[in-house]
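Taken in sequence, the protein lines are chains G and Y. Residues 1 to 143 in the numbering used here are what the first sequence lists, from first letter to last. Residues 1 to 391 in the numbering used here are what the second sequence lists, from first letter to last.
Don't read these hints as lab results, they were simulated from the structure. Since the model is a prediction, treat every value here as computed from it, not as a measurement. Take these hints with a grain of salt, some might be off.
[Unchecked claim] From the derived model, a few chain Y residues whose C-beta atoms are all more than 12 Å from chain G:
no.	residue
1	His92
2	Ser123
3	Ala135
4	Glu138
5	Gly142
6	Arg144
7	Ala159
8	Val214
9	Met250
10	Asp256
[To be verified] Computed spacing ranges between beta-carbons, pair by pair:
no.	chain 1	residue 1	chain 2	residue 2	range
11	Y	Ser192	G	Val8	35 to 41 Å
12	G	Pro77	Y	Gly320	23 to 29 Å
13	Y	Ser61	G	Glu37	43 to 49 Å
14	Y	Asp231	G	Cys36	56 to 62 Å
15	Y	Arg268	G	Asp59	38 to 44 Å
16	Y	Leu208	G	Glu14	57 to 63 Å
17	Y	Asp279	G	Glu108	24 to 30 Å
18	G	Pro7	Y	Leu390	38 to 44 Å
19	G	Trp57	Y	Ser192	29 to 35 Å
20	Y	Ala99	G	Pro77	25 to 31 Å
Using N, Cα and C, we set each Cβ at its ideal position, and we do this for glycine too.
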Amino acid sequence: MISSPRPVEPPVGEASAPFWEATRAKRLVVQWCTACERPIFYPREVCPVCLGSSLEWRDSQGRGRIDAFTVEHRPQPSFADEPYVIALVDLADGVRMMTNIVGCRPEEVRVGMEVVVSWEPLTDGRNLAVFGPAPETRAGGAR
Amino acid sequence: MSGPERTLRAASAIVGVADAASPTGELDLHGRALEAAMVKEALDDAGLELSDVDGVCHAESSMAVAEYLGVHPRFTESTMTGGSSFEVHVEHAAAAIAAGLCEVVVGVYAATPRSDRTQGRPSRRRLPAGPNPAAEWEWPFGLRMPMGPYAMAASRHMARFGTTSEQLAQIAVSTREWASRNPRARYQSPLSVKEVLDSPLQCAPLHLLDCCLVTDGAGAFVLTSAARAKDLARPPVYVLGAATAHDHMMISQMPDLCVTPGAVCGPRAFAMAGIAPADVDVLMGYDSFTITALLHLEDLGFCAKGEGGPFVEDGKTGPGGSLPMNTNGGGLSYTHPGMYGMFLLVEAVRQLRGECGPRQVDGAEIAVAHGSGMVLSCMSTTVLGTEATLG
């Protein structure tokens, strides 16, 4: 298991306060540029395509697909007591984020696997977005 | 060919090199004293004096090292792109020399992570200052640096192209074959694919022996104008092409984990040099991990994207193979003090001068030093050639 609380908790960056506030209600939100009509991750003060600042926050679908992952086989004892998975997840919203894959054994994780967001409490009331296998994946269903 | 990129071709030459490494993994000197020893050795190699130097390159502070050496340069270069910094320095220095800003440029590097630990010296590693997206978006998930990002790239390559752990292991095996011919290499005994696969998994799919060493090491180069290079102590090794590209800082921002920015700067450097991959006699391709070297082979055009695994499978990058790669034993078996790009340049120069003894590639005329910095973030390609390639 990954330790709770984690030895490293994320700071709140200059542009990402709304992201972290939403996690208090276990909502995953993504920043969008309304001029480009494109999603932005990680959050910024300006759009990395047009440098415009007409940005807004929209609810994420909270589901995605694993693009790449690794299993850490020699965890720092302060971080975890057994091998754990770090992955890059491509959200259906069109952005990629780093996360941990939880809710299944590391050897079950595959590139391309469909995953859904779940939440792990941080010490200050915020929550950390981690991902687990999508239910229909387990049932062998479509999507 | 024509165009502005052509202007650096053969405008400058590396005329002196030095490097230090030991089978023990540790060096006696450290810090500025080690850097000064490298500068002295490289200048002696070139037949130049410290008073000839009017340009200084260093990946942390060209000002601090110039002050220590007592040099008052008119060209100063401290670009820091991780392990590819030294190839970037050669590119920038070559451009400065071509533009007439300076004439004799020294680049130097030293790091002693292994003896720092055994001798109890304070680590020089510092966290970046100021706002840091990695602290917010990567560090909480426990990804080991720098190994984790490379393991992710390997997982992606395996899933997309069917690359196997055996194929990655073969890169380590072929590189060790070269190291067995280098008496200064950290590891020289033969290695098998099975031994690589039997070494402990670290960040899966990478095993311990897919990963570079952690050793002391240091090196220096001297670059000067083609005109001045003609009358010095050693045969000039000309800079035929140079290019740099980066497309991310954090691995979570890399556009495609299977395609490095080497796919941009490699072809640019080759075009400037007027060469094709088939013209390369020696490839020094930064091997922080086996997957790193495999990605270079594809991105530089030695094989098609996705075919790196089958390409290396028959050992063609080892001694006697059709593409000698990392002939000093590489970061995997020779030395890796943290930013390995300096050693790519030094070995490429020595191969082109025919100084490599039992590991010499016969008739080597063109060598490529391809540096990789941070987490597959910044690539820089230097194409080097002998006098015979200038025709």
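Evaluation of the provided hints:
Non-interface call for His92(Y) relative to chain G: holds, since the shortest CB-CB distance, roughly 26 Å, exceeds 12 Å. No beta-carbon of chain G comes within 12 Å of the beta-carbon of Ser123(Y); the shortest separation is about 17 Å. For Ala135(Y), the shortest C-beta to C-beta distance to chain G comes to about 6 Å, within the 12 Å cut-off, and the non-interface label is violated. Distance check for Glu138(Y) against chain G: the nearest CB is about 5 Å away, which does not clear 12 Å, and the non-interface claim fails.
Consistency note on Gly142(Y): stated as away from chain G, yet its beta-carbon is not over 12 Å from all of that chain's, at 5 Å minimum. Annotated as non-interface, Arg144(Y) brings its C-beta within 12 Å of a C-beta of chain G; the closest such distance is 6 Å. Distance to chain G contradicts Ala159(Y) as a non-interface residue, since its nearest Cβ pair spans about 3 Å, not more than 12 Å. The claim that Val214(Y) is not at the interface with chain G holds, since no C-beta of that chain comes within 12 Å of its own (minimum 15 Å).
Against the 12 Å criterion, Met250(Y) falls within the reach of chain G, whose nearest CB is about 8 Å from its own CB. Remark: the non-interface label on Asp256(Y) conflicts with the geometry, its nearest Cβ contact in chain G lying 9 Å away (cut-off 12 Å). The supplied range of 35 to 41 Å is met by Ser192(Y) and Val8(G), whose beta-carbon atoms lie about 38 Å from each other. For the pair Pro77(G) and Gly320(Y), the supplied restraint of 23 to 29 Å is violated, since their beta-carbon distance comes to about 46 Å.
Between Ser61(Y) and Glu37(G) the CB atoms are about 44 Å apart, so this pair conforms to the stated range of 43 to 49 Å. Roughly 57 Å separates the CB atoms of Asp231(Y) and Cys36(G), a value that falls within the hinted 56 to 62 Å. Taking the beta carbon of each, Arg268(Y) and Asp59(G) are about 42 Å apart, inside 38 to 44 Å as hinted. Between Leu208(Y) and Glu14(G) the beta carbons are some 39 Å apart, a value that contradicts the proposed interval 57 to 63 Å.
Evaluation of the 24 to 30 Å hint for Asp279(Y) and Glu108(G) yields a failure: the beta carbon distance comes to about 47 Å. Distance hint check for Pro7(G) and Leu390(Y): the Cβ-Cβ separation is about 57 Å, which falls outside the suggested range of 38 to 44 Å. Distance hint for Trp57(G) and Ser192(Y): a CB-CB separation of about 54 Å, inconsistent with the stated range 29 to 35 Å. The beta-carbon spacing between Ala99(Y) and Pro77(G), approximately 54 Å, falls outside the hinted interval of 25 to 31 Å.
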